[in-house]
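With the sequences and hints as input, model every part of the structure.
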Amino acid sequence: MPSTANKIAATNRLQSALAMAGMTNSAGSVSPSVLQHIKSAVQDAIDLIQERDPVKRHTAMIVLALQDSTEIRVSTTTAGEPVEHVWVKDRELFNWAIKKAHWLTRTEQ
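Residue numbers are given in my numbering: position 83 of the sequence shown equals residue 177, and the series is strictly consecutive.
Note that these hints are calculated values from the structure, not bench results.
Take the hints with a grain of salt, since some may be wrong.
To be verified - Result set (DSBU-like, lysine-lysine): computed pairs, CA atoms no more than 35 angstroms apart in a straight line: (1) K183 x K133; (2) K193 x K183; (3) K193 x K133; (4) K150 x K193; (5) K194 x K150; (6) K150 x K133; (7) K194 x K183; (8) K183 x K150; (9) K194 x K133.
Since the structure is predicted, the reported quantities are computational estimates derived from the model, not experimental observations.
Written out as C-alpha cells, the structure is:
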C-alpha cells in the first residue's frame, strides 16, 4: 500500500499533467479530442488515488480497467435497427478486470 506521501506526490504530478494538458500548444499538433481524453484519464487517476475507502478504490480500478480495455461499437442490421457490440481492445487487461470483479463479488457475499 503506498504511503500518504507517495499518494500526495503522485496526485501532484497528475494534477501538473492535467494543467499542462489544459494548455493549448501553438502548433496545434494535438487534437482537442486527444487532449480531452488525456484530461479525463488523468482526472480519473487523481480521483482513484484520493479515494480513502479501499473497496471503493479497488472497485473503481476494476471499472476503469474494463472501460479502458473495451469499446462499444454500433452497427446496423439489415432492418435498420442499431445493435451495440462490445469489442475487447486489450484482452490481458480485460481478463484481469473480470477476474478481479468476480473475486470482489465472492468476497462481498
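Against which earlier hints does the structure fall short, listed by number upward?
none
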